[in-house]
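S.K.: One letter stands for each residue in the lines below.
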Amino acid sequence: MEISVNGQTFTVERVRLRRWLQLEETKSQIHKAAERLEVDTISDQLISYLSAASGIEPQVFEDAPWFDSANAFSDLVMGNEPTIKFPLLENQSDQRGKPVVWDYVGRLWFSWVNLIATAYGWGIEQIENLEVDTGIALIQEILVEHQLKREWEWSLTELAYPYDPGAKKGIFKPLTRPRWMRGKPERIKKVRMPLSILPVGIIEDLAGVGLHGQDIDKIKH
Amino acid sequence: MGRTLTKLNIREAIRLYVTIRPHLPDEPKPESFILDYVKVVISSMKHKDPYAYLDTVLTLTGLTEEELREYSSVEILEMFIDGLVLNQILSLDSFCKRLGIR
Numbered sequence: 002m003e004i005s006v007n008g009q010t011f012t013v014e015r016v017r018l019r020r021w022l023q024l025e026e027t028k029s030q031i032h033k034a035a036e037r038l039e040v041d042t043i044s045d046q047l048i049s050y051l052s053a054a055s056g057i058e059p060q061v062f063e064d065a066p067w068f069d070s071a072n073a074f075s076d077l078v079m080g081n082e083p084t085i086k087f088p089l090l091e092n093q094s095d096q097r098g099k100p101v102v103w104d105y106v107g108r109l110w111f112s113w114v115n116l117i118a119t120a121y122g123w124g125i126e127q128i129e130n131l132e133v134d135t136g137i138a139l140i141q142e143i144l145v146e147h148q149l150k151r152e153w154e155w156s157l158t159e160l161a162y163p164y165d166p167g168a169k170k171g172i173f174k175p176l177t178r179p180r181w182m183r184g185k186p187e188r189i190k191k192v193r194m195p196l197s198i199l200p201v202g203i204i205e206d207l208a209g210v211g212l213h214g215q216d217i218d219k220i221k222h
Numbered sequence: 161m162g163r164t165l166t167k168l169n170i171r172e173a174i175r176l177y178v179t180i181r182p183h184l185p186d187e188p189k190p191e192s193f194i195l196d197y198v199k200v201v202i203s204s205m206k207h208k209d210p211y212a213y214l215d216t217v218l219t220l221t222g223l224t225e226e227e228l229r230e231y232s233s234v235e236i237l238e239m240f241i242d243g244l245v246l247n248q249i250l251s252l253d254s255f256c257k258r259l260g261i262r
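The listed protein sequences correspond, in order, to chains G and U.
Note that my numbering gives residue 194 to position 193 of the first sequence, counting from 1, and the numbers run on in steps of one.
Note that my numbering gives residue 210 to position 50 of the second sequence, counting from 1, and the numbers run on in steps of one.
If you're looking for bench data, these hints aren't it; they were derived computationally from the structure.
C-beta: ideal position from N, C-alpha, C; glycine also.
Keep in mind that a hint or two might mislead.
Computed beta-carbon distance windows for the label pairs [unchecked claim]:
id, chain 1, residue 1, chain 2, residue 2, range
1, G, E58, U, E235, 32 to 40 Å
2, U, R258, G, F11, 20 to 28 Å
3, G, T135, U, Y211, 51 to 59 Å
4, U, L246, G, K99, 43 to 51 Å
5, G, F11, U, V234, 39 to 47 Å
6, U, D242, G, E58, 28 to 36 Å
7, U, D186, G, E91, 24 to 32 Å
8, G, V101, U, L195, 32 to 40 Å
9, G, R178, U, P182, 44 to 52 Å
I would like the entire structure built from these sequences, with the hints used as guidance.
M.R.: In structure tokens, the structure reads:
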């Protein structure tokens, strides 16, 4: 892709997996700083993002009019987005709760290296230079395999069959899947009600009626 | 007297936005004239925070308070309007909102 800054045009390549993860972390820090209105941090992180994503010296962006930097930022964010819609990245909300005590800045990268290296035996250099789409796809496949293995092991334990007093036997309770593996809940279909089962007589429309005190008395009488 | 207006870099622009943000109209109408827009900004500054007007002019011109005294109030107002136009205030508003600055 090409970006124009201060009258100069630069050709920029899509970043690889490691740099992409760093950029995502920087983007998240920009949004956090924006929520807290930390002006210097927003600017520092923006320039850091621009320089890291483009390989251009930070001073070029310091000297450029703001709208050149802003346009470059938008181009670089869009140009480095994964080209495939990965469920792993789409539905993550239930996994972004409280950070664990062993968390640290940049941990996501090392956890990804750990997963890929364990699965395929590749070295860090090989992993960090993966195409972004390839890297995310592999991570998703590894996580799916781990989850299915855990589900199989879970189904072999007694814990998976809690006793149901109604049925008087153990009923299988599947292991909870992460949100991105569950898919979107289906919409409840509208069902047409047969005329024969509709109530007969005069129907009071109670929409908007507050059900307390005098209103209830009005309905009763 | 010659006027000095600067195209702000990203740091200065974000600092300017934080100063001017409380005075910007919530949803500017696309068809509205820039002068109407600026009128809303100035009126809000006049009532809520007169120093924001001075800060904005100083940022847009790069002048010191002493240097600014040499200009008439009409010239300063012109610099204020021209500076906001030169620095594409509507685009700055939309960019900063996209970053999450509220």
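S.K.: If a hint holds in the structure, say so; if it does not, say that too.
M.R.: Hints, verified against the model:
no.	hint	verdict
1	G/E58 <-> U/E235: 32 to 40 Å	38 Å, holds
2	U/R258 <-> G/F11: 20 to 28 Å	23 Å, holds
3	G/T135 <-> U/Y211: 51 to 59 Å	54 Å, holds
4	U/L246 <-> G/K99: 43 to 51 Å	46 Å, holds
5	G/F11 <-> U/V234: 39 to 47 Å	42 Å, holds
6	U/D242 <-> G/E58: 28 to 36 Å	31 Å, holds
7	U/D186 <-> G/E91: 24 to 32 Å	31 Å, holds
8	G/V101 <-> U/L195: 32 to 40 Å	55 Å, violated
9	G/R178 <-> U/P182: 44 to 52 Å	46 Å, holds
When the structure is compared with the earlier hints, a violation turns up for hint 8 alone.
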